Amino acid sequence: MTTPQAHQHHGEHTQAHHHPSPAQAVPRPDAQPAAEGTVYTCPMHPEIRQPAPGNCPKCGMTLEPVLSALDEGEDPELKDFRLRFWWTLPLTVVATLIAMFAVRWREGGLPGQSWLELVLTTPVVLWAGWPFFVRGWRSVRRRSPNMWTLIGLGVFAAFAYSVLATLVPGAFPDSFRGHGGRIGVYFEAAAVIVSLTLLGQILELKARSQTSAAIKSLLGLAPKTARRIAADGAEEDVPIAHVHPGDVLRIRPGEKVPVDGEVTEGESAVDESMLTGEPLPVSKRPGDKVIGATINTSGSLVMRSERVGAQTMLSQIVQMVAQAQRSRAPMQRLADVVAGYFVVAVVLVAVLTLAAWGLWGPQPSWVYGFINAVAVLIIACPCALGLATPMSIMAATGRAATQGILFRDAAAIEGLRKVDTLIVDKTGTLTEGKPAFHSVAPAPGFAGDEVLRLAASLDQGSEHPLAHAIVAHARSAGLALARPESFESASGIGVRGRVEGRSLALGNTALMEGEGVDWQPLATRAESLRSEGASAMYLAVDGRLAGVLAVADPVKASTMEAMEQLRAAGIEVIMATGDGVTTARSVAARLGIAEVHGEVKPRDKLDLVERLQAQGRIVGMAGDGINDAPALAKANVGIAMGTGTDVAINSAHLTLVRGDLRGIARARRISLDAVRNMRQNLGFAFIYNALGVPLAAGVLYPFTGLLLSPMIAALAMSLSSVSVVTNALRLRGAAAPAG
1 MTTPQAHQHH
11 GEHTQAHHHP
21 SPAQAVPRPD
31 AQPAAEGTVY
41 TCPMHPEIRQ
51 PAPGNCPKCG
61 MTLEPVLSAL
71 DEGEDPELKD
81 FRLRFWWTLP
91 LTVVATLIAM
101 FAVRWREGGL
111 PGQSWLELVL
121 TTPVVLWAGW
131 PFFVRGWRSV
141 RRRSPNMWTL
151 IGLGVFAAFA
161 YSVLATLVPG
171 AFPDSFRGHG
181 GRIGVYFEAA
191 AVIVSLTLLG
201 QILELKARSQ
211 TSAAIKSLLG
221 LAPKTARRIA
231 ADGAEEDVPI
241 AHVHPGDVLR
251 IRPGEKVPVD
261 GEVTEGESAV
271 DESMLTGEPL
281 PVSKRPGDKV
291 IGATINTSGS
301 LVMRSERVGA
311 QTMLSQIVQM
321 VAQAQRSRAP
331 MQRLADVVAG
341 YFVVAVVLVA
351 VLTLAAWGLW
361 GPQPSWVYGF
371 INAVAVLIIA
381 CPCALGLATP
391 MSIMAATGRA
401 ATQGILFRDA
411 AAIEGLRKVD
421 TLIVDKTGTL
431 TEGKPAFHSV
441 APAPGFAGDE
451 VLRLAASLDQ
461 GSEHPLAHAI
471 VAHARSAGLA
481 LARPESFESA
491 SGIGVRGRVE
501 GRSLALGNTA
511 LMEGEGVDWQ
521 PLATRAESLR
531 SEGASAMYLA
541 VDGRLAGVLA
551 VADPVKASTM
561 EAMEQLRAAG
571 IEVIMATGDG
581 VTTARSVAAR
591 LGIAEVHGEV
601 KPRDKLDLVE
611 RLQAQGRIVG
621 MAGDGINDAP
631 ALAKANVGIA
641 MGTGTDVAIN
651 SAHLTLVRGD
661 LRGIARARRI
671 SLDAVRNMRQ
681 NLGFAFIYNA
691 LGVPLAAGVL
701 YPFTGLLLSP
711 MIAALAMSLS
721 SVSVVTNALR
731 LRGAAAPAG
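In UniProt numbering, the protein residues as written are 1 to 739.
Treat the hints as calculated values from the structure; they're not laboratory data. Each statement offered as a hint is correct.
Calculated cross-link-like contacts (lysine to aspartate or glutamate; reagent style EDC-like; alpha-carbon spacing at most 20 Å):
{"hint": "1", "residue 1": "K634", "residue 2": "D420"}
{"hint": "2", "residue 1": "K289", "residue 2": "D271"}
{"hint": "3", "residue 1": "K224", "residue 2": "D271"}
This one's a predicted model, so the numbers in the text were calculated from it and none came from an experiment.
Using the sequences provided together with the hints, build the complete structure.
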């Protein structure tokens, strides 16, 4: 619970990064020593952070770790509340039975009944309910009224009134006396409220602990050891914490990849489903990247470690999920504004209830007024209101993480469902981002394999990605490559050199003209290849045209399905790429994208986003490169491919670990489900309080003769919070869209 002023300066993009002074939070007397580096925060107020356990100064809730530990024990607060509940429950039951049935046995009750109830309920109220009084007093002292203000006030009023009625009954007027002249006491009401509140907190804490299940499952993926190969070839198993960048590691079949790195030897299929959601194992061979915590299924691999510890993809995923879970949704602002005035309004309603019943109610009027005022205080606890959106966000981000979708914050979850226009980069987003050999067209007098072999032999000296694609394809085709006798790179137009005594030139038309080679016989074929989205280059041997080779960046197998899903969702897709217009249009035509912008610079992408936003569109931007970062940051929702650069990922609001655009449809479904769940929770909390407070005040009494007991109000209050958390947990099991 917060006052309205508490959040007026928090913008939607700063919530997760705001770190108030540790002095803002209240240490618990029973707090255990915190693990080194552990940061604690409030489930309702993520801006509250401190390096040790304690209670939130705004709502009084117990702080919990921002990042759950895999081996953390049971919540100490849960253990404490359970102990208090079970040790005092028998006393509450006995006191309640006495209050309910004693008057039926004897008019005026049992002799010394009030004293007996005082003895039975004092441990319940003063020991089991002590945490409630402490938190309630802190809320008053800090001028931050919350649920504990109401609970503490209600229990204190019922218990203090009953103690006075027992110790000094003569101080009360006759209007407070019931049948037999005995002043009614409400020890059992105070005890039952404490017991039911404890029960509600126990159920809520157990349910809340399930929202961190996603992070714990991710942490559980990390392997504990790695098999390191020393310089002399000796192998040993070492703790994962002892692995350093550059170490050579062996991964045997069935073992987990220890850290992020690159395969240097062997071939195998690696199951990456636990991090990416991709059900099929991915083939790995020398030069391919592997991700820590994925599973090597078949062959043996040797890898060189590159990222260890907090730098691995698994660690970064865990950090992003934790950050998103602790961020505040824009929708919560309404709840904050309402809750800021709610507690004060409830106290006023309770005072008015007491006065109205005392002045105009039936006899004993002031007793009726007192009972109903306590019921108002108890039933109006705003805990359900405060938990409505945080629980939905935690459950939704956990579900998204298991599908390879990482939201940066709650605002991204809430905003994605509104996107109606999606700008996509081509290379690495629609396409693989890895050039692959397309085809070879030999000139008369040359064989295709010979053209490919000569070109690949020459390209062995080049670092260009297109050259790598030609060399890799030639080797996979089993062609025997010759070592180039000389090699020269002609910047921007191709390469020259000598192979097997012959002079070779490989490049574009400018290079051919510079070498005096007539390239026109294959010009039509080269342009045809470009229209298919490929890059074409000519090969000349001893001044004679030998053929044309094409390298293409293939469209991802999942892209066509992703386009269909996005169109079905009513999202217009626009391509913006730095590639040539002919190639861009070719790829767009295959994917059914109508609007294409080719040869664009980073500033052009940013301008496109701003222009569309000026038209009133809600713009999403999907990209993977440094050149996409400005547009990703400016878009309403920036979507980074997990296979892209760190700059792009850090600029985005959403990361797709697999780099698969189908993840956008999955993320949008999660966004829709999460917002629907938040609305359900907020709606339930508002309706609950809108109906509960008048009922507790006794508005139905003139018509039905029914009043709401403070004990029933306490039960309803506890169940309301539990129901909100339980409803949020439904998000964890919601089915993902096909694909």
